[in-house]
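Residue numbering for the sequence shown follows the working numbering, beginning at 478 and increasing consecutively.
Since the hints were made in silico from the structure, they are not lab data. Where hints are given, some of them may not hold.
Computed Cβ-Cβ distance ranges for the label pairs, DEER-style [unchecked claim]:
no., residue 1, residue 2, range
1, S557, A512, 29 to 37 Å
2, A505, Q556, 25 to 33 Å
3, E509, Q556, 26 to 34 Å
4, A500, P531, 14 to 22 Å
5, A505, T529, 16 to 24 Å
6, P514, R538, 14 to 22 Å
7, Q556, A499, 15 to 23 Å
8, F530, R553, 17 to 25 Å
9, S543, A512, 18 to 26 Å
10, L555, F530, 12 to 20 Å
11, T545, R484, 15 to 23 Å
Each residue gets a CB set at the ideal place from its N, CA and C atoms; glycine is no exception.
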Amino acid sequence: MTTQIDREAVAIGRAVHGAVTAAGLSLAEAAEQSAIPLTTFSRRVNGRLPFTFPELVRVARISGVSVTELATSAERILQSNAGPASEDRVPA
478 MTTQIDREAV
488 AIGRAVHGAV
498 TAAGLSLAEA
508 AEQSAIPLTT
518 FSRRVNGRLP
528 FTFPELVRVA
538 RISGVSVTEL
548 ATSAERILQS
558 NAGPASEDRV
568 PA
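Produce the entire structure from the sequences given, and follow the hints as far as they go.
Structural data, given as structure tokens:
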């Protein structure tokens with residue numbers, strides 16, 4: 478069964494991934510430091526589940542960016558019409 482992936486969830490996941498890696502963190506480190514179980518964090522980064530606002534606040538804090546910067550990055554990703562979400566999955 479194929480799940481429809483929300484474009485916005487994919488975009489914010491990509492923005493989070495970019496912020497986390499730019500901060501020099503692995504996804505596992507970011508998940509631990511933001512108190513999100515790794516499997517959940519991976520699903521959120523891949524756009525399969527949306528991030529909650531409190532989670533975005535924690536991720537922004539550990540990444541050294543603001544929530545506004547994450548949202549702006551996600552908006553740019555949406556506007557660029559990056560490829561299909563299923564091809565852009567990020568491993569945990």
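Right, here's what the structure says about each hint:
1. Range check, S557 to A512: Cβ separation about 31 Å, and the 29 to 37 Å hint holds.
2. In this structure, A505 and Q556 meet the distance hint of 25 to 33 Å, their C-beta atoms being roughly 30 Å apart.
3. Between E509 and Q556 the Cβ separation comes to about 32 Å, which falls inside the hinted range of 26 to 34 Å.
4. One distance hint, 14 to 22 Å for the beta-carbon pair A500 and P531, holds here, with the actual separation near 19 Å.
5. Between A505 and T529 the beta carbon distance is about 20 Å. The supplied range of 16 to 24 Å therefore holds.
6. One distance hint, 14 to 22 Å for the beta-carbon pair P514 and R538, holds here, with the actual separation near 18 Å.
7. The supplied range of 15 to 23 Å is met by Q556 and A499, whose beta-carbon atoms lie about 20 Å from each other.
8. For F530 paired with R553, a C-beta distance near 20 Å keeps the hint of 17 to 25 Å intact.
9. Evaluation of the 18 to 26 Å hint for S543 and A512 yields a pass: the beta carbon distance comes to about 19 Å.
10. The hinted window of 12 to 20 Å between L555 and F530 holds, with their beta carbons roughly 18 Å apart.
11. Between T545 and R484, the C-beta spacing of about 20 Å keeps the proposed range 15 to 23 Å intact.
The structure fails none of the hints (numbered hints given earlier).
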